[in-house]
Amino acid sequence: MYVIVVGGGKVGYYLTRELLAAGHELVLMEKDGRRARQISDEIGSIVLQRDGCEGKHLAEAGANRAAIVAAVTGDDEDNLVVCQMAKHHFDVPRTIARVNNPRNETLFRHLGVDEIISPTRMALAAIEQDIPVHELLHLAQLQGGELELLEAQIAEGSPAVGRHPSEIDLPEGCSLFVLIRGDSAQPVRPETIFQVGDKVLAISRTDCEVELHRQLIGTTPSEAAG
Amino acid sequence: MRAFIVGCGRVGAGLAEHLAQSGHEVTIIDTNSEAFNRLGADFPGRAIRGDGTDDDQLGRAGLEGADAFFALTEGDNRNILAAQLAAETFKVPKVVAKINDPVRAEAYAALGIATLCRTRLLVDALAVYLGLPADPGARGVSPATGPHHGVEPERQGRATVASGAEA
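Those protein sequences? They're chains A and B, same order as listed.
Under this note's numbering, the first residue of the first sequence is numbered 1, with each subsequent residue one higher.
Under this note's numbering, the first residue of the second sequence is numbered 1, with each subsequent residue one higher.
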């Protein structure tokens, strides 16, 4: 399968190596002379030192017989133009664009780019997995910082789900006092049963926060990170 | 008319002044606020520092409901992206992109964006000056010859039928 890769940055470089290793016929277009030479020194004479945005140069690279054009430069507008030119001017069946600004994803799809690769979104997703999403929200400090007003979101997996306040083992100096369910706030009563989606306002001594986290949210921040 | 111009170079600033003097409401956007020095001190329009290829910033600048959009930066591809945002996301009826690469200019006219190609314009002007035959396609703005890519011709047809039925 003949593939044209446009953009010889890190993404383009490693993509090219992988595709070559997989046995594909390939040309890498990189407009910067120094970068182009550097890559061809490393992986051979498959580098065309040309701007892939120029119709003339895409033609030179054989875009009309390419099965795939992958535009992976660091500039979204360049990647869009490469894909649109490939698709509409050279009838390339499959175009792939790297999209650096996640907000451009919808537009690019709408404009006919077949596949979108969003490194920004992928990095965000990976990082978010490592950061516990449900945290105690610090709303205010009281009594010169000894006490804190906190909000806990009761999520799936919280040990508090389905329990009455009395069944929750809270440390001294910690009290749950307001429940926000839907749009309404109500006091936490003995007969209250906590549900997924509830928000609970608590006042806690600063040193009880870890235990409060364990009871209302589940893991503690350090356990989640580990 | 409410007009938006992206890129306050000589062409952008010149068009902004011209439109404003003719009584139109003009907003001009550039990433570099020093570019606004090209505008006269009494320029009555709005000059906003911002990125014309960012839909959020275009929205905040009030592009929704504008009548015309001109992408006149020095970057062909930036102009192409900005123009397509204006046409597709903001549904601006009159969109022109300055595209200096003749191949790209022709390709995008076919994709529904009116284009202005400085290269063809100048080559034609000089050729005519030297007594060579003129290139009629090089004059002025090349109108869009195809539909916006996001709208397939077939779907466009259906949309017309549907709105006709409602009326």
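One or more hints might be untrue.
[Claimed, not checked] From the structure, some residues in chain A lie toward chain B, with a derived Cβ separation under 7 Å:
| id | residue |
| --- | --- |
| 1 | Asp51 |
| 2 | Gly55 |
| 3 | Lys56 |
| 4 | Asp78 |
| 5 | Leu80 |
| 6 | Met85 |
| 7 | Phe90 |
| 8 | Asp91 |
| 9 | His138 |
| 10 | Leu139 |
If you're looking for bench data, these hints aren't it; they were derived computationally from the structure.
From a predicted model like this one, the values you see are computed outputs, not experimental measurements.
We treat Cβ as the ideally placed atom computed from N, Cα and C, and that holds for glycine.
Evaluated hints:
A hinted interface residue such as A:Asp51 counts as satisfied when its beta carbon comes closer than 7 Å to some beta carbon of chain B; here the least separation is about 9 Å, so the hint is violated. Interface hint status for A:Gly55: upheld, as the beta-carbon distance to the closest one in chain B is roughly 3 Å, under 7 Å. This hint holds: A:Lys56 has a C-beta 6 Å from the nearest C-beta of chain B, less than the 7 Å allowed. Because the closest C-beta pair between A:Asp78 and chain B is about 5 Å apart, less than 7 Å, the hint holds.
Satisfaction of the interface hint for A:Leu80 is found here, the shortest Cβ-Cβ separation to chain B being roughly 6 Å, below the 7 Å cut-off. Among the interface hints, the one on A:Met85 holds; its C-beta lies about 6 Å from the nearest C-beta in chain B, closer than the 7 Å criterion. Checking A:Phe90 against chain B: minimum C-beta separation of about 10 Å lies over 7 Å; hint violated. Proximity of A:Asp91 to chain B is violated relative to the hint, the smallest CB-CB distance being about 12 Å (cut-off 7 Å).
Restraint check, A:His138 versus chain B: the minimum CB separation of about 29 Å is more than 7 Å; hint violated. Taking 7 Å as the C-beta cut-off, the interface hint given for A:Leu139 is violated, the closest approach to chain B being about 29 Å.
Comparing the model with each numbered hint stated earlier shows that hints 1, 7, 8, 9, 10 do not hold.
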